[in-house]
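Peer 1: Based on the provided sequences and hints, a complete structural model is requested.
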Amino acid sequence: PGLHRFLASKEQFHAYLRARGEPGGQADGRGKEEEDEDEVEEKEEEEEVGSCQNEPPAKRVRSEDLGQDGERREDAGAAEKEPAERKRARGQNKSRPCMKPNHYEQRRLCPSVTQGCAEKCYFGSQCRFLHDVGEYMAVKPADLGRSCVLFETFGKCIYGVTCRFAQAHLGDGYQNIVNTDLAKQWEGKSLVRNNLSKDLQHQLRKRKFIFKKADEYLRGLAKPHGNGGKGGKAMGRSTEEREVSNCTTPQEGLGDSPGCPVLPEQGEDPKPDTLQSPGPTGGEEASSVKTVGPVTDEDITKLRSCEKKKLEIQGKLYLAPLTTCGNLPFRRICKRFGADVTCGEMAVCTNLLQGQSSEWALLKRHHTEDIFGVQLEGAFPDTMTKCAELLNQTIEVDFVDINVGCPIDLVYKKGGGCALMTRSNKFEQIVRGMNSVLDIPLTVKIRTGVQEKINVAHKIIPKIREWGASMVTLHGRSREQRYTRGADWDYIAECAKIASPMPLFGRCFCCFVMWTESAAFMGIRMHFFFGYRGALIKPWLFTEIKEQRHWDISSSERFDILKDFTNYGLEHWGSDTQGVEKTRKFLLEWLSFLCRYIPVGLLEHLPQKINERPPYYMGRDYLETLMASQNVDDWIKISELLLGPVPTSFTFLPKHKANSYR
38 PGLHRFLASK
48 EQFHAYLRAR
58 GEPGGQADGR
68 GKEEEDEDEV
78 EEKEEEEEVG
88 SCQNEPPAKR
98 VRSEDLGQDG
108 ERREDAGAAE
118 KEPAERKRAR
128 GQNKSRPCMK
138 PNHYEQRRLC
148 PSVTQGCAEK
158 CYFGSQCRFL
168 HDVGEYMAVK
178 PADLGRSCVL
188 FETFGKCIYG
198 VTCRFAQAHL
208 GDGYQNIVNT
218 DLAKQWEGKS
228 LVRNNLSKDL
238 QHQLRKRKFI
248 FKKADEYLRG
258 LAKPHGNGGK
268 GGKAMGRSTE
278 EREVSNCTTP
288 QEGLGDSPGC
298 PVLPEQGEDP
308 KPDTLQSPGP
318 TGGEEASSVK
328 TVGPVTDEDI
338 TKLRSCEKKK
348 LEIQGKLYLA
358 PLTTCGNLPF
368 RRICKRFGAD
378 VTCGEMAVCT
388 NLLQGQSSEW
398 ALLKRHHTED
408 IFGVQLEGAF
418 PDTMTKCAEL
428 LNQTIEVDFV
438 DINVGCPIDL
448 VYKKGGGCAL
458 MTRSNKFEQI
468 VRGMNSVLDI
478 PLTVKIRTGV
488 QEKINVAHKI
498 IPKIREWGAS
508 MVTLHGRSRE
518 QRYTRGADWD
528 YIAECAKIAS
538 PMPLFGRCFC
548 CFVMWTESAA
558 FMGIRMHFFF
568 GYRGALIKPW
578 LFTEIKEQRH
588 WDISSSERFD
598 ILKDFTNYGL
608 EHWGSDTQGV
618 EKTRKFLLEW
628 LSFLCRYIPV
638 GLLEHLPQKI
648 NERPPYYMGR
658 DYLETLMASQ
668 NVDDWIKISE
678 LLLGPVPTSF
688 TFLPKHKANS
698 YR
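So the sequence shown is numbered by the working numbering: it starts at 38 and just counts up by one.
It is worth saying that the hints were derived from the structure and are not from the lab.
Treat the hints loosely; a few may be bogus.
[As the list claims (entries may be wrong)] Computed spacing ranges between beta-carbons, pair by pair:
1) Gly225 / Gly161: 25 to 35 Å
2) Glu48 / Gly225: 57 to 67 Å
3) Phe687 / Glu189: 25 to 35 Å
4) Ile491 / Lys353: 32 to 42 Å
The beta carbon of each residue, even a glycine, is placed where N, CA and C say it ideally should be.
Peer 2: This is the structure in C-alpha cells:
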C-alpha cells in the first residue's frame with residue numbers, strides 16, 4: 038500500500054500512543070482538558086531537561102515533502118533557510134547517568150548466603166550485606182513474574198532468594214527448590230566458554246604470566262637493524278615498559294562478583310589453568326629436558342602459515358563485531374536467525390593484559406557459536422603481541438581480528454584504530470608479531486582511509502597480505518565519513534582484486550544487502566555478506582538473505598524476539614536485581630536501533646535505506662506503532678512489558694546522541 042497512507046504528524050503519533058491505540062484518543066478515560074494540561078507539562082519538562090536530545094531533524098518530515106516515489110525531495114535552499122534543523126546530534130553521550138546496584142537495592146543479601154556458605158563470609162562481622170534471609174525478604178523488591186527462565190531451563194536457579202522471579206522456585210523457609218532430573222541433564226556441560234579464572238587473573242595482575250613467544254619476537258625488534266636499529270630498540274623496550282606498566286597495574290574491585298556465578302554449573306574452563314601455569318622455576322624455561330621429535334619441539338619446528346588452522350567461512354553469513362549491542366545474548370538471537378560466524382565485541386588489549394573482568398567478559402563464547410572470533414584494539418606491538426599469545430593459550434577461539442577501523446577519538450588519538458593506517462611501521466610490527474604467536478588465523482579490519490577523499494586502503498592491502506594476515510575486512514568509508522555516507526562499493530571491488538588471492542570482505546553500514554544481486558558483483562573474492570548495524574535494526578536479516586525473500590514480520594513476532602533476548606540476558610547476566618537491570622540496559626540500547634525499522638508491508642520501494650531516519654507513521658497495530666517510536670519513554674514502556682516496572686528514579690540515555698529524544 039505504500040508509506041504515504043500511514044504517515045502522521047508528531048502530535049497524531051504520540052496522541053495515538055497515549056490513547057493505547059484506541060479510536061478517539063480517550064482510552065484512559067481522561068477528558069480533552071486533562072490531555073491539554075499534560076501536553077503543557079510535557080513541554081515544560083522538555084525545556085527543563087537539558088541532557089535529553091531534541092527531536093531528530095530527519096523526523097520533521099511532512100507528507101508533502103515526499104515525492105511520488107517515496108523519496109524525500111531535496112530543496113537546494115532548505116539548507117540555507119533552516120541550517121539549525123539539519124544539524125544532527127552526533128557522537129556519544131559521554132556524561133550518561135550511571136545506575137549502580139545500590140540504586141536499585143539499598144540493602145542486599147550477602148552472596149555467601151545465596152551460595153549456601155554464610156559461615157565462610159570473608160568479611161565476617163564487618164560485612165555490609167545482610168545475612169538474615171528473613172530481614173532481606175522484608176525489604177526485597179516485589180517479584181517481576183511467576184516463572185524463572187533459569188529454573189525452567191536448567192532445573193535450578195543459582196540466585197535463590199535474590200532472584201526476581203523467586204516465587205517459582207522457593208519452598209518453605211525460603212528453601213531453593215531444585216528439579217533434579219532437569220539439573221542432571223545439564224550437569225558437566227559448559228554453556229559459556231572463555232571465562233576468566235581467578236588464578237589467571239591473579240597471574241596477570243601480578244605480571245607473572247609467561248609470554249615466551251612474544252618476548253622472543255620483541256627481542257628481535259629490539260636488536261639493531263641498520264638505520265632503524267635505534268628506533269626499533271626504543272620501541273622494543275621503552276614503549277613496552279611505558280604501556281604495560283601503565284595498563285597492567287592491579288585495580289581494586291574488578292574481580293568477578295561472588296554473587297554472579299557461572300551458569301549453570303559454576304565451573305571454570307580448565308584450559309587456562311593447564312596451559313599457562315608458570316614452570317617450576319617461576320619465570321625461566323619450564324624444563325631443561327630436551328623433547329624428542331620435530332612435532333613437539335617448538336624451538337626447532339614452528340608452524341608455517343600453510344599449516345595453521347584454516348578459516349573456512351566462504352559462503353557464510355558473518356555477524357561483524359559491534360560494541361555495546363553486540364553482546365552474547367544478541368549474538369544468540371542472530372545465530373537463531375541464521376548467522377554462521379560471530380565475533381565478540383572489540384576488546385582493548387591493555388585491559389585484557391591487566392586482567393579486567395569487564396574486558397574479559399567480551400570474550401565469552403556461547404556453546405552455540407560454532408565459528409567464533411574476537412576483535413582486539415591496540416596501538417603498540419608489545420601489548421598486541423602479548424595479548425595475542427595470552428588468548429592463544431587461554432581461550433577457545435577460531436580467529437583473531439585486529440581493529441584498524443575504529444574511528445572514535447579516544448582510540449584514534451592514542452594511535453590505535455584508524456591511526457594505525459598512518460603508522461605503517463607499528464602496523465607491520467603488530468601484524469607480524471601477532472601472526473607469529475597465534476596458531477589460528479589472523480584477520481584485519483580497515484577503512485578506506487582517514488580523510489574523506491583520500492583512499493589509501495589499496496596501498497595497504499598488499500602489505501597486509503605480505504605480513505601474514507589471512508583475511509582483510511574493508512569498511513567502505515573513511516574515518517571522517519564514520520557511518521553517515523554510502524559505502525564505496527566500486528572501490529571495495531577494486532581492492533578485492535588487489536588483495537587476491539587473500540580474501541577481502543566488504544563491510545557496510547547498510548546491511549540490507551540485496552540478496553537479488555550476487556556477491557560476485559563485489560569481486561571474485563567476495564564470499565559472504567556482513568551483518569553489522571543492519572542486524573541491530575533487523576536481526577532476521579540473515580534469514581532473508583538465506584531464503585532470498587523480504588520478510589514482512591509482524592509486531593507480535595518482533596515482540597517475541599525481544600522476549601527471547603530478555604530470557605537470554607537473564608541467563609547471561611543473572612535473574613537477581615542487578616542482572617535484571619543490566620538486561621534492561623542492553624535491551625534499551627538495542628531498542629534505540631530497532632525503532633528505525635519500517636515494516637516491509639508499509640514500504641513502497643524495497644529495501645529500506647537504514648541510514649535514513651523514517652518519518653512519523655502509524656503502524657498496522659498499537660504494538661507496531663509503539664516499536665516505531667524514537668522516544669526513550671516508549672522504549673522504557675516496552676522494557677516494562679518484558680521485565681516489569683523500572684526502579685524508582687530510573688534514568689536512561691542511549692549511548693549515541695542521534696538515537697533518541699524526549
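Peer 1: Indicate, hint by hint, whether the structure satisfies it.
Peer 2: Checked hints:
For the pair Gly225 and Gly161, the beta carbons lie near 34 Å from each other, so the given range of 25 to 35 Å is met. At roughly 59 Å, the beta-carbon separation of Glu48 and Gly225 lies within the given 57 to 67 Å, and the hint holds. At roughly 27 Å, the beta carbons of Phe687 and Glu189 sit within the given window of 25 to 35 Å. Distance hint check for Ile491 and Lys353: the Cβ-Cβ separation is about 33 Å, which falls inside the suggested range of 32 to 42 Å.
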